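Participant: Listed below are the residues making up each chain.
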Amino acid sequence: MLTQIGNRATTDDVDVLVQDINDPQHSDDYRIFRNAVHFVAHDAGLSDSWLSDNIGDFLRMAGPVPVGKVWRRFGRYLEVSIPPRSFILAHKLVAGRGKDREDTKALLHRLHVTTRQQAQEIVDTYITNKDIQESEGVQETLDDFFPPEH
Amino acid sequence: MQTIRPRPPLRTMSRAFQDICAGEGPWIALGNFLNYWFADAKDHRYDLVSEPLPEAPANDYCQRWAAYCAASVEHLCAKYHEPCPLWVHDPKYVLPIPWYEDHPEHRREKIISTTPEAFKKRNIYSGNRMFNNKWELAEKYKNWPLPDWSKPAGPGKTETMA
Chain A
1 MLTQIGNRAT
11 TDDVDVLVQD
21 INDPQHSDDY
31 RIFRNAVHFV
41 AHDAGLSDSW
51 LSDNIGDFLR
61 MAGPVPVGKV
71 WRRFGRYLEV
81 SIPPRSFILA
91 HKLVAGRGKD
101 REDTKALLHR
111 LHVTTRQQAQ
121 EIVDTYITNK
131 DIQESEGVQE
141 TLDDFFPPEH
Chain V
151 MQTIRPRPPL
161 RTMSRAFQDI
171 CAGEGPWIAL
181 GNFLNYWFAD
191 AKDHRYDLVS
201 EPLPEAPAND
211 YCQRWAAYCA
221 ASVEHLCAKY
231 HEPCPLWVHD
241 PKYVLPIPWY
251 EDHPEHRREK
261 IISTTPEAFK
271 KRNIYSGNRM
281 FNNKWELAEK
291 YKNWPLPDWS
301 KPAGPGKTET
311 MA
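Line order of the protein sequences matches chains A and V.
Quick note: the first sequence uses my numbering, first residue 1, plus one each step.
Quick note: the second sequence uses my numbering, first residue 151, plus one each step.
Incorrect hints may appear among the rest.
[Unchecked claim] Below, in silico cross-link-like pairs of lysine to any residue (SDA-like), each with a Cα-Cα straight-line distance of 25 Å or less:
#1 K192/V <-> L17/A
#2 K192/V <-> K105/A
#3 K105/A <-> W249/V
#4 K105/A <-> L287/V
#5 K192/V <-> S52/A
#6 K260/V <-> N22/A
#7 K284/V <-> T10/A
#8 K284/V <-> G75/A
#9 K229/V <-> A208/V
#10 K271/V <-> G98/A
#11 K271/V <-> R165/V
#12 K284/V <-> V80/A
#13 K105/A <-> R214/V
#14 K270/V <-> R214/V
#15 K260/V <-> Q117/A
#16 K270/V <-> D190/V
#17 K270/V <-> F281/V
#18 K271/V <-> W285/V
[Said to hold, decoys possible] Cβ-to-Cβ under 8 Å is the rule here; a few derived chain A residues that face chain V:
#19 D13
#20 P66
#21 A95
Source of the hints: derived by calculation from the structure; they are not laboratory data.
Predicted model only: the values in this text are computed from it and were never measured.
Even for Gly, the Cβ is constructed at its ideal location relative to N, Cα and C.
Between the sequences and the hints, there should be enough to build the whole structure, so can you do that?
Facilitator: If you want it as structure tokens, here you go:
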């Protein structure tokens, strides 16, 4: 939301999906990555939670993860990509917390989504696992943004 | 010579409230607290909530968030079996008029019915999803099979186990 929408200046954490590492528990690259996260946290006086990758499996389980657009490269080994805004919106609607409400409004506006059907189509594109849509109460979250039609 | 920095200070609820009143976004401040509650300090959670909130400025905004912080502490302590500090029961943390955050009017009935008791009794109606978090989300789905999305999806539900 900071990098793509710019609707706020700070965040409490950054969620990432680590790619090209199949078995994190036995990967030197993953160990180096986590050490780097810890180093930054220590250097900046932050908690290690400033960058977390523990929702990676959930993202993959929910539906296809789109190829992101390269945002920045850091040296030879680290490349940071950003997913489409519509992917972020779909997952904000799955999360459905109070803390996501302002971000969701900003994304709906930026993506020119004005109807429930348009929002549902975006959810259906990225959250193809209908069980997750149901389990996470996506319809209730949509109710918050799109009043029922009479 | 290596400089040894202290561990980052605990993101207590008291600090979150101070940050909110100082202009930080409420869910950034509460999110920092929740990062500690669910991850960094999950083995000493009482330390995150034992300190009473400082006196709230007299404006409605800070009074509301003071009540929200007190309700959050009571709710989280009950849910995660932590002792609850006494300061949360101060009657000053009961709002004089109901607060529905910014839930639309057509949702109020549902929001009221799902709001936890610790919030309702303080006149705050916010539903029950405010503390959904990635740690418990990952845990909830960790045994679900990872589908192969390279294959075309069939109609209806995917084959997953509840």
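Participant: Name the hints, by number, that the structure is in violation of.
Facilitator: 2, 6, 8, 9, 16, 18 and 20
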